[in-house]
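Undergrad: Residue numbers (this note's numbering), protein chains in the order written: chain A, 1 to 484; chain B, 1001 to 1487.
These are calculated hints, taken from the structure and not from any lab test. Accuracy of the hints is not assured; some may be wrong.
Claimed, not checked - In silico DSS-like links for lysine-lysine, alpha-carbon gap of 25 Å or less: (1) A:67 x B:1379; (2) A:363 x B:1276; (3) B:1486 x B:1072; (4) B:1379 x A:366; (5) A:366 x B:1271; (6) B:1072 x A:370; (7) A:366 x A:264; (8) A:366 x A:275; (9) B:1486 x A:370; (10) B:1486 x A:366; (11) B:1276 x B:1383; (12) A:275 x B:1276; (13) A:370 x B:1383; (14) B:1383 x A:363; (15) A:70 x B:1379; (16) B:1383 x A:70.
To be verified - A few chain B residues that face chain A, going by a derived Cβ cut-off under 8 Å, partial list only: (17) 1072; (18) 1103; (19) 1229.
Said to hold, decoys possible - Restraint-style ranges between C-beta atoms, simulated for each label pair: (20) B:1455 x A:99: 49 to 57 Å; (21) A:99 x B:1380: 49 to 57 Å; (22) B:1237 x A:79: 43 to 51 Å.
Heads up, the beta-carbon is just placed ideally off N, CA and C, and yes, glycines get one too.
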Amino acid sequence: MKTIYLKAIVKVIGLVLMFEALFMILGVLFSIYYRDNDIPAIVISSLITLITGAVLYFGTRKINYNKLGKREGYIIVSLSWFVLGAFGALPFVISGYIPSYTDAFFETVSGFTTTGSSILNNIESLPHGLLFWRSMTHWLGGLGVIVLVIAVLPFFGFGGMQLYVAEVTGPSKDKLHPRVTTTARRIWGVYILLSIFLAFLYLAGDMNLFEALCHTFGTMATGGFSPKNTSLANYSPYIQWVTTIFMVFAGTNFTLFYFMLKGKGKTVFRNEELKYYLSIFIFATVILTLVLYTGGYYNFHDAARHSAFQAIGIISTTGYASADFMVWPVFTYTLLFFLMFVGGMAGSTGGSIKIIRHVVLIKAVKNVIKRIMHPNAVLPVTYNGNPVSQSAVMNVVSVFILFLITLFIGSALLALAGEGVVESISGTASAVCNIGPGLNSIGPTGNYSGLADFSKWVLSVMMIMGRLELITVLILINPSFWRK
Amino acid sequence: MSQYRFIHLRTILRFTGIVTLILAGLMLIPTIYAFLEDERNEAAFAFSAISAFALGITLFLAGEKNNDGMNKRDGFITIVFTWITISICGGLPFVLSGATDNFGDAVFESIAGFATNGLSILNFERIPYSVLLWRGIIEWVGGIGIIIFIMSFIPFFKTPQAKIFFFDRSDETIGNIKTTVSGTARRLISIYTGFTLLLFIILFTQGMQIKEALLYTLSTMSTSGFSPLNGNVSALSSGALSTIAVFMFLAGSNLYLIYFAIKLHFNKILKNDEFKWYFLSILVPLIALFTQYSFTQGVVGNGKLAGETLFNIISIITTTGFYIAQDIPFLSSFWWLVFFLLMFLGSAAASSGGGINVFRQAILLRSARRYFLSILHPKAIYKVRFNKVDLDENNVSRVMGFLLIFLLVYVLGILMLTIGGHGFQDSLAMSVAFLSNTGNAVRLLINDLNMADIHWYDKFTFALMMLFGRLHIIPLLLVLSPIFWKK
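Here chain A stands alone, though its shape is the one from the complex (with noise of 0.2 Å):
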């Protein structure tokens, strides 16, 4: 093997840290309206990501881009959710508004990963222009995982362009055009198109400029922020019913919507994905209205109103609440607690294990069910009509043990630095399924200011690992991997 492209790497991260000093500064605009004081260190703060940047990227000389190979991908990914989070930090760190680098870093990082966990005690005391940025890392992030799936993930094998992009058409006609860039653009301009018809909508309710852009780039990214001290709760029904639908939307295949607005809704029924989807989301949602229905806890409509809206936030990823569920029957929050595992479908903003995962493994483990019977038979794992190899499948429950690996040392370090065990592992399991709110004190009441310094940090890397789906990040700490 070669060495690592280093040039290549810096020249790379220098672009992406000028692009985020281009959007840092946008929360400016908020902060001269609502005449807040957070106007001086925006613009120091992207002032010194931009030069940064600029260094990194004018500094190093001309590279060629075709020498970049895999490993540098990998190494190029996971640095630059760190980078960002570093860099993105600042606004918060300088303006004084939140004074510990860890607390300031662990929110921004919880942005850009669309998990949506804040430290924050008092949300509304901040100025508008940090709100603004602290959601769009939301927006942001949304962005770099499309471009992080389509091209980095079909190198492991799985869950990148191949199966979800190709393979969800079936015949090769439907076929979206195969080159990474267009495919990306082609997400992009879906995610966009969505996020301006949802910002409209709530615009149309109860919300200002503000509060409706913030809150579409947390619906959209699967993220999570509210600039709201008590996230949707207090917004009217109508709000909470948009927000339930576009949190669905922003769980699904965004490739689906492509094939949708081409006149395809075929392909976009026939798809397997999409059915296990709407299935699990709606099966949630009916089990916890009867249960909060009968219980007394609702009348019928606000029973299926915050069931559906707590059901899809948590397996879109989003994390919204429009209820405390931690006041519900314990069967109600532990069921939301695994639905937490499920997570939105590959191609959308959504994190966590992803639904086209678990339909691999249930159609696997069926499979090994079936040979115990018919040990001779040939019974290959289908996935919309195709065949899966035997290796993707492997990987796939390759994915599925790091997961809980991940999630057990994840778990032990937090405990080790003294949480609690339901918020050790509900506060692990909610960062590396970038959800956002755990249980009992991280719960949607709660937020995450009063763990340990050390144990923010631990959260912070599980949700860069759960982001990149573990293995980018994993196969880095991988002694074969730096071996020349």
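For chain A, the structure is supplied; the task is to place chain B on it using the hints.
TA: Below, chain B without anything else, positioned relative to chain A:
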């Protein structure tokens, strides 16, 4: 009969009959004891024995001997039939002697016993010893595994096709295991019995009373962890505790390896992958826990604590369930999590322990490692090896299937427990404690579990999970699935 038959019902009945007859025979032990000690419940046992005998002989006579025609489906149905029969028959003495209030409780007690789960709803203060002895006998039988009995009796299990039981007591791990399963089974049974006698003698010479020694012996060798104080053994002498710890370790290791030990082939043991993992999965947690404790409490070299922790770790990993009361897991979430994880791991194959089992963990981790390698070197082909044998993909995927189903049942168990009103954290621990049949040691992790006044719904949930766990999930799941009944 030469034509194809879907199910050989009469052969199944015959086998179930034989097992029931054995059970009836075993009931004579407490009957005689009760008679000699004048406990006034010999009638209950005698009546149970007669009923079991009558049922057994009926089934036996209704059945027919058919050595050739058994197929896989029959094997699985036999397991289920046998479990139903023995659970009911084994419960008879409990209800007839008045040890439990109703028949449902008796069956629960019986299932817990056969599943080698130490959780019990018996009230020790008013229960005669003969009933406790019966419970011990049930565990002991459950421990060596009804499956080994089946392996020895049903012709199908003597054929190479018996590899189906990779999901069960036997496994793919044991290097050069003897070709006939029934030979293996016989050997395992004799080792098991030998160790039982040895443990009994040692405990007795260490000054334990004969009745107590017998109960602890049966509970330890079967890895069930049933004891008069609901698994809490803090009061025992340190000598007895060390003995029990050693024998728990032996009971949880691959009994077949012990056969090598007896033959003095020690290098075979040291080279054995499974033994290495088993040993490490006790050592690593011990070091981790002790280090954490020393760092936070500033105490180093606390021998008593180390001993107690080692005992608890061995007890949990072998899924026995005896425990020495330690408050630390309540105070330190790290300890809680480590004990919690240990409950999943379980012991070696061909032991009486439950859980995921050592060889499966090894295979799963190695296949995950292979995934890394295949990303870095896409063109190379890697095989998952165990005990220096390349495993074929079917075996690997079977192990993965097991893990996934185990986790699925685990999650469903948690949901069922929370419906029953248990808390989130308690349910996490209880579900795995039932599934791996660790049983009583769960009391280290939860606040209070008073078995005396649990709801019928809870009993049902507990019993179901114990059964799933003991049968290593697949047979029960298979019989319940439509695939099984398709021609």
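Undergrad: Could you run down the list of hints and mark each one as holding or not?
TA: So, going through the hints one by one against the coordinates:
1. With a CA separation close to 20 Å, the supplied pair residue 67 (chain A) and residue 1379 (chain B) stays within the 25 Å bound.
2. With a CA separation close to 34 Å, the supplied pair residue 363 (chain A) and residue 1276 (chain B) exceeds the 25 Å bound.
3. With a C-alpha separation of about 13 Å, the suggested pair residue 1486 (chain B) and residue 1072 (chain B) falls inside the 25 Å cut-off, and the hint holds.
4. Pair hint residue 1379 (chain B) plus residue 366 (chain A) does not hold up; C-alpha atoms about 29 Å apart against a cutoff of 25 Å.
5. Between the alpha carbons of residue 366 (chain A) and residue 1271 (chain B) the distance comes to roughly 35 Å, so the proposed pair goes past 25 Å and is violated.
6. For a cut-off of 25 Å, the pair hint linking residue 1072 (chain B) to residue 370 (chain A) stands: about 12 Å separates their Cα positions.
7. Pair hint residue 366 (chain A) plus residue 264 (chain A) does not hold up; C-alpha atoms about 31 Å apart against a cutoff of 25 Å.
8. With a C-alpha separation of about 18 Å, the suggested pairing of residue 366 (chain A) with residue 275 (chain A) holds against the 25 Å cut-off.
9. Under the criterion of a C-alpha separation no larger than 25 Å, the hint pairing residue 1486 (chain B) with residue 370 (chain A) is consistent with the structure, at around 11 Å.
10. Taking the CA atoms of residue 1486 (chain B) and residue 366 (chain A), the gap is near 14 Å; set against the 25 Å cutoff, the hint holds.
11. In summary, the hint linking residue 1276 (chain B) to residue 1383 (chain B) is supported, as the alpha carbons are separated by about 20 Å, within the 25 Å threshold.
12. As the CA atoms of residue 275 (chain A) and residue 1276 (chain B) are separated by approximately 45 Å, the hinted pair breaks the 25 Å bound.
13. For the hint pairing residue 370 (chain A) with residue 1383 (chain B), the CA-to-CA distance comes to about 24 Å; that is within 25 Å, so the pair holds.
14. With a C-alpha separation of about 23 Å, the suggested pair residue 1383 (chain B) and residue 363 (chain A) falls inside the 25 Å cut-off, and the hint holds.
15. With a CA separation close to 14 Å, the supplied pair residue 70 (chain A) and residue 1379 (chain B) stays within the 25 Å bound.
16. A hinted pair counts as satisfied when its Cα atoms are at most 25 Å apart, and residue 1383 (chain B) with residue 70 (chain A) qualifies at roughly 24 Å.
17. Annotation: residue 1072 (chain B) was flagged as interfacial toward chain A, and the flag holds, the nearest CB pair being 7 Å apart, inside 8 Å.
18. Residue-level restraint check for residue 1103 (chain B) is violated (minimum Cβ-Cβ distance to chain A is 29 Å; threshold 8 Å).
19. For residue 1229 (chain B), the interface hint is violated, the least distance from its beta-carbon to any beta-carbon of chain A being 25 Å, above 8 Å.
20. Distance hint check for residue 1455 (chain B) and residue 99 (chain A): the Cβ-Cβ separation is about 51 Å, which falls inside the suggested range of 49 to 57 Å.
21. Taken as a hint, the range 49 to 57 Å holds for the pair residue 99 (chain A) and residue 1380 (chain B), whose Cβ atoms sit roughly 51 Å apart.
22. Between residue 1237 (chain B) and residue 79 (chain A), the C-beta spacing of about 59 Å breaks the proposed range 43 to 51 Å.
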